[in-house]
Each structure stands twice: as C-alpha cells, then as structure tokens.
Amino acid sequence: MMNRNWYSNLGFGSLYLSTFLVVGFIAVILWDLIYKGAPSWNWTFFSEGPQEGMTKGGIFPVIVGTFYVTLISTIASLPLGIGTAIYLQEYAPDNLLTRLIRSSIRNLAGVPSVIFGLFGLVLFVQHMQMGTSLLASGLTLGLLTLPTVVASTEEALRNVPQSYREGALALGATQWEVIWHQVLPAASSGIWTGAMLAISRAAGETAPILFTGVTFYQRFLPQSLFHEFMAMPYHIFILSTQHHAIEIVTPIAYGTALLLLVQILILQMIAFYLRYKQTSTRR
Amino acid sequence: MRDRVNRLMALIIQACALSSVLVLMGIFLMLLINGAMLFKEVSVFDFLTGMTWNPGAFDGPAYGALSLIWSTILVTIGAMLMAIPLGIAMAAFMSEVAPRFWRNLLKPLIELLAGIPSVVLGFIGIELIGPLLQKYLGLSTGFNALNGSILLCLMALPTIISLSEEAIRAVPFSFKEASYGLGAGKWETLIKVTLPACTSGLIASSMLGLGRALGETMTVLMVTGNALQFPHGFYDSVRTLTSTIAIELGEVASGTTHYFALFAVASLLFCLCLIINIAAEAIAAKFRYRQT
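Taken in sequence, the protein lines are chains A and B.
When we follow numbering that gives the first Met the number 0, the leftmost residue of the first sequence carries the number 0, and every step to the right adds one.
When we follow numbering that gives the first Met the number 0, the leftmost residue of the second sequence carries the number 0, and every step to the right adds one.
You may find that some hints are simply not true.
[Said to hold, decoys possible] Derived BS3-like pairs: lysine-lysine, alpha-carbon spacing no greater than 25 Å straight-line:
1. K191(B) / K276(A)
2. K35(A) / K134(B)
3. K175(B) / K191(B)
4. K285(B) / K175(B)
5. K175(B) / K106(B)
6. K55(A) / K35(A)
[Unchecked claim] If you want the ones that stay clear, here's a sample from chain B, every Cβ over 10 Å from chain A, calculated:
7. S19
8. M50
9. P60
10. I72
11. L80
12. F100
13. P107
14. L138
15. T140
16. I202
17. R211
18. Y234
19. A265
20. I282
[Said to hold, decoys possible] The following residues of chain B were derived to be distant from chain A, with all beta-carbon distances above 10 Å:
21. R1
22. A16
23. G49
24. G63
25. A97
26. R99
27. I115
28. V170
29. K175
30. A177
31. K185
32. D235
33. T241
34. G249
35. F269
36. N276
The set of hints was computed from the structure by calculation and includes no laboratory data.
For every residue, glycine included, the Cβ atom is placed at its ideal position computed from N, Cα and C.
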C-alpha cells in the first residue's frame with residue numbers, strides 16, 4: 000500500500016513538473032522580450048525609419064509594411080474562407096467532392112509555410128507577373144491563412160441553431176436569404192474570431208514573404224501594390240542574423256519582437272472576448 | 000429576381016469551396032513539375048543518397064540531399080523526444096488534475112505560445128538559449144541541432160497539448176468510474192485506463208505536432224548554424240531541408256539546375272508532411288469511430 004502511494008505521488012509529481020516546465024519556459028520567453036524590448040520603445044522608435052544602416056532610428060516603415068501586407072492577405076482570405084465554410088456547412092451534400100474539399104483544407108493547414116512561399120513565387124511573382132511585391136506577398140499569406148478562416152467560420156456556423164434556418168425557410172426565404180439575413184449575423188462574432196487569428200498568423204509569418212516581396216531596407220513607404228515592402232518578422236530576422244553590427248541593433252530587434260508579440264496578444268484577446276461573448280449569448 | 004440571386008450565390012459559394020482544392024493541387028503540381036526537372040540531370044538515387052550538397056561548386060556541382068534529410072530527421076526527433084512526453088503530461092494535468100480555474104488560465108497561455116511567430120522564437124533561440132547552451136555545455140557555439148530541437152519542441156507543444164487534452168477529455172466517464180469501483184487509485188486509472196483508451200488520439204496529436212516541427216523554417220534557419228555537413232549528434236551544426244530552401248532560393252537564377260533542385264527538396268518535404276498528416280487523420284478517424 001505504501002509502495003502504491005509512493006508510485007502515484009511520483010506520477011502526479013511528474014505531471015506537475017511537466018506543466019511547470021512548459022509554463023516556466025513561456026514565462027521566461029515573455030519576460031525576456033518585455034525586459035529587453037520595452038526600453039527601446041519610445042516615440043522615435045514608432046515614428047521614424049531606420050537610420051545609419053539600421054543602427055539608429057525606428058521601425059515606422061516596417062510597421063506600415065506589415066499592416067499593408069496583412070490587410071491584403073485578410074481581404075484575400077476572408078471572402079474565400081467564409082465562402083468555403085458556408086458551402087461545407089450549408090450546402091454541401093455528403094459526397095466525394097465534399098470529402099475532398101474537407102481533406103484539402105486539412106492538408107493545406109499542414110503544408111509548411113516555406114512551400115507556400117515557393118508557390119507564391121511561381122504563381123504570383125512569375126506566372127502572374129506581379130513581381131516581388133506587396134500584392135504577391137499578401138496573396139501568398141492569404142492562401143496560408145485560408146484554413147484558419149475556414150475552420151473557425153465553420154465552427155461558428157455549426158453553432159447557429161437549426162431553428163433559425165427552419166424559421167426563415169418556413170416564412171418563404173430562399174436559401175441565400177436565410178444565410179445572409181439569419182445565419183451569418185448570428186455567426187458573426189465567431190467569424191471575427193477566425194479573422195483575428197488569421198491576421199495574427201499572417202502578421203508573424205516570414206518564410207512565405209521571403210521570396211515574394213519583402214525587402215530589408217527601403218527609403219520610402221511602398222507607393223503601390225507592386226512595390227516591395229519591409230515587414231516586422233523579416234526585420235527581426237535580418238537584424239539578428241544578417242546585420243554587420245548585431246550587438247548594436249539587438250535592442251531594436253528586441254523592440255520589434257515585443258511589438259509583434261503585443262500585437263498578437265491584443266488580437267488573441269479580441270478573439271478570446273468574441274468567443275466568450277458568443278458562447279454566453281447562446282445560453 | 001430573388002431566385003436568380005439565390006442560384007448565383009450558390010454557384011459563387013461552390014466556387015469558393017473549390018478554391019482550396021485547386022490551391023492544394025496547384026502546390027502539388029508546381030512542386031512536381033519543377034522538381035522533376037532536376038531528375039533530367041541528376042538521378043533520383045543520387046539525390047536521395049548523395050552525401051554532398053554543393054550546388055555552387057565549379058567543377059561538377061553535387062545535389063545529394065541525404066545530409067539535409069538526416070539533419071531534418073535529427074532535429075525533429077530531438078524535438079519530439081521532448082515535446083511528446085511534456086505535451087501529453089501537460090494535457091493529462093489539464094484534463095485530469097488541474098482545477099477548473101487553472102485549466103482556464105493554462106489554455107489561453109498555450110494559445111499564446113501557439114501564436115508566437117516562429118521568427119520571434121528563433122530570436123529567443125539566438126539571444127537566450129544559444130548563449131545558455133554554450134555556457135553550460137561548454138560548446139564553442141550554441142547554434143546547433145539541440146537549440147533547434149528545443150525551439151521546435153516549443154512550436155509543436157501547443158498542437159500536441161490541445162489535441163491530446165481533447166482526446167483525454169473524450170474518454171467516457173464510465174471508464175473511470177468502473178476503474179475506481181474496482182479499487183484502482185487515481186494514478187492507476189489514468190495510466191491503465193484513461194490514457195490507453197485514447198491512445199490513437201494521442202498518437203494522432205503527436206503526429207500533427209511532428210508535421211508542424213518538420214515543416215518549420217525560420218526557427219531552425221536562425222539557430223542551427225546551417226553548416227553543410229553530415230551531423231553526428233545534437234551538438235553538431237545542421238542544415239535542414241527547409242532552411243536550405245530559405246537560404247538558397249533567394250540567390251539562385253530561375254530555371255537553373257540548382258533552382259529545380261530546391262523544388263525537388265521542397266517536393267520531398269511536401270510529401271513527408273502530406274504522409275504524416277494523412278496518417279494522423281486516418282488514426283484520428285479510427286479514434287472517432289471507436290468512440291461512438
């Protein structure tokens with residue numbers, strides 16, 4: 000009996016230890032980013048471009064570049080992803096095609112991001128002749144985030160009670176009117192949750208934009224969709240691995256990493272709140 | 000009019016749904032067509048078993064991907080050795096041990112970890128983990144396979160934890176009641192009843208985590224040193240399939256043998272990920288079937 004107790008305590012101890020290790024690791028990462036990143040946050044950091052070979056100045060054009068490319072990717076992925084989810088949830092008969100679509104989305108979610116970069120390079124940059132540009136990068140990121148949008152929209156649509164649809168259909172609405180006037184409004188917070196997650200994913204990805212349009216330094220903001228741009232993830236990458244004076248630029252890299260983290264934290268908090276709101280209104 | 004809108008929208012929606020199939024097929028074809036061009040000049044056997052990868056050599060460039068494949072496998076195995084026990088243990092903790100309050104606190108934390116961009120983790124690897132490894136293991140540099148494995152473990156953990164937790168929670172409560180009824184303790188019930196009942200779910204979640212680690216680019220690119228050599232252990236510098244693509248594609252002219260070689264590398268990576276995902280899906284489907 001004594002032995003069994005000892006064994007059980009050891010077992011549960013290991014579960015506690017594992018959790019402690021993972022949580023501790025996350026805490027160390029967050030603390031390191033905040034502790035070393037926060038001191039470089041000041042007005043110049045946000046309002047000015049990099050100066051003197053990136054050793055001074057701020058990251059204003061970098062923030063703008065990330066904003067643009069994320070905006071384009073969202074514009075591309077939201078309609079496509081929401082459309083796919085509507086099809087799967089509202090129209091799809093249970094046949095081979097539907098299973099193929101479902102399986103494609105699941106596998107698309109597992110495709111490495113660097114392969115999306117290759118696809119973007121071949122399709123958008125070369126074949127559609129967009130060149131290395133904001134547009135090509137944005138569309139590549141849009142394809143990357145498609146599975147995220149589809150998954151959360153589908154879940155949101157699934158949570159809309161069947162009675163909403165039946166009630167509207169009984170009043171003579173067409174299927175599209177049911178979807179447009181009843182189902183989508185009822186699912187809107189769930190759909191926005193997905194959008195937030197997709198945005199936070201797109202803003203942090205580096206590999207897909209590596210060959211499709213990001214550049215490490217540009218004197219001016221991108222003037223059109225066909226210009227190259229600077230982006231926060233790539234800026235961190237360059238400052239921490241490719242720069243000639245890594246020690247000097249490390250604070251700027253930390254500041255950028257912290258900004259990226261804070262942005263993702265905010266987006267996730269909005270997503271969390273929307274999900275909470277959705278589940279609480281349903282009951 | 001209403002009827003026409005209805006029919007038109009049905010068509011548009013259907014077209015949207017087909018887009019993801021087209022994208023996946025497009026990626027597959029793009030990799031296949033460009034990758035196949037390499038095998039006009041290099042045999043498949045040489046590509047898969049050649050030890051030297053040196054596309055830039057003036058006297059006969061070499062396209063042997065074996066060291067890249069082995070590097071990828073080494074880093075991924077290291078990551079999985081850490082991530083699978085940690086992830087399943089934490090999932091078990093969250094679903095079986097932790098009070099509701101802690102569970103509600105841990106879940107968003109795991110989601111936050113999932114949301115941290117790979118480049119930020121790579122940066123942490125350079126600034127924090129690398130110097131620590133260098134100092135405490137007495138190495139000449141902290142940029143090696145071990146560093147990459149640690150970061151990949153962090154990247155795979157959220158997938159493994161959240162899917163394993165789902166699998167563990169799906170085990171019917173009656174299983175546990177029966178076990179307790181027979182006089183088993185909490186720990187015995189967890190190890191001998193609950194976890195065995197959801198083994199396939201745990202395997203599926205681990206495999207999806209594996210797929211995530213295998214295809215990760217930026218973290219390994221930043222912290223593994225990227226030396227072109229055949230690695231002999233975790234303290235060696237490695238160059239994975241993904242980092243090779245990221246490093247070399249930027250400086251290679253489109254249409255050259257080197258360019259096609261990178262697509263062949265990508266095809267290999269794509270096939271590995273696809274196989275792992277499909278297998279995980281099949282195992283998970285079996286798991287769902289058993290539940291009902």
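Status of the hints after comparison with the structure:
no. : hint              : verdict
1   : K191(B) / K276(A) : violated, 39 Å
2   : K35(A) / K134(B)  : holds, 20 Å
3   : K175(B) / K191(B) : holds, 10 Å
4   : K285(B) / K175(B) : holds, 22 Å
5   : K175(B) / K106(B) : holds, 24 Å
6   : K55(A) / K35(A)   : holds, 17 Å
7   : S19               : violated, 5 Å
8   : M50               : holds, 23 Å
9   : P60               : holds, 20 Å
10  : I72               : holds, 15 Å
11  : L80               : holds, 14 Å
12  : F100              : holds, 14 Å
13  : P107              : violated, 6 Å
14  : L138              : holds, 19 Å
15  : T140              : holds, 14 Å
16  : I202              : holds, 16 Å
17  : R211              : violated, 8 Å
18  : Y234              : holds, 21 Å
19  : A265              : violated, 5 Å
20  : I282              : holds, 13 Å
21  : R1                : violated, 6 Å
22  : A16               : violated, 4 Å
23  : G49               : holds, 22 Å
24  : G63               : holds, 21 Å
25  : A97               : violated, 8 Å
26  : R99               : holds, 15 Å
27  : I115              : violated, 7 Å
28  : V170              : holds, 16 Å
29  : K175              : holds, 15 Å
30  : A177              : holds, 19 Å
31  : K185              : violated, 7 Å
32  : D235              : holds, 19 Å
33  : T241              : violated, 5 Å
34  : G249              : violated, 6 Å
35  : F269              : violated, 6 Å
36  : N276              : violated, 4 Å
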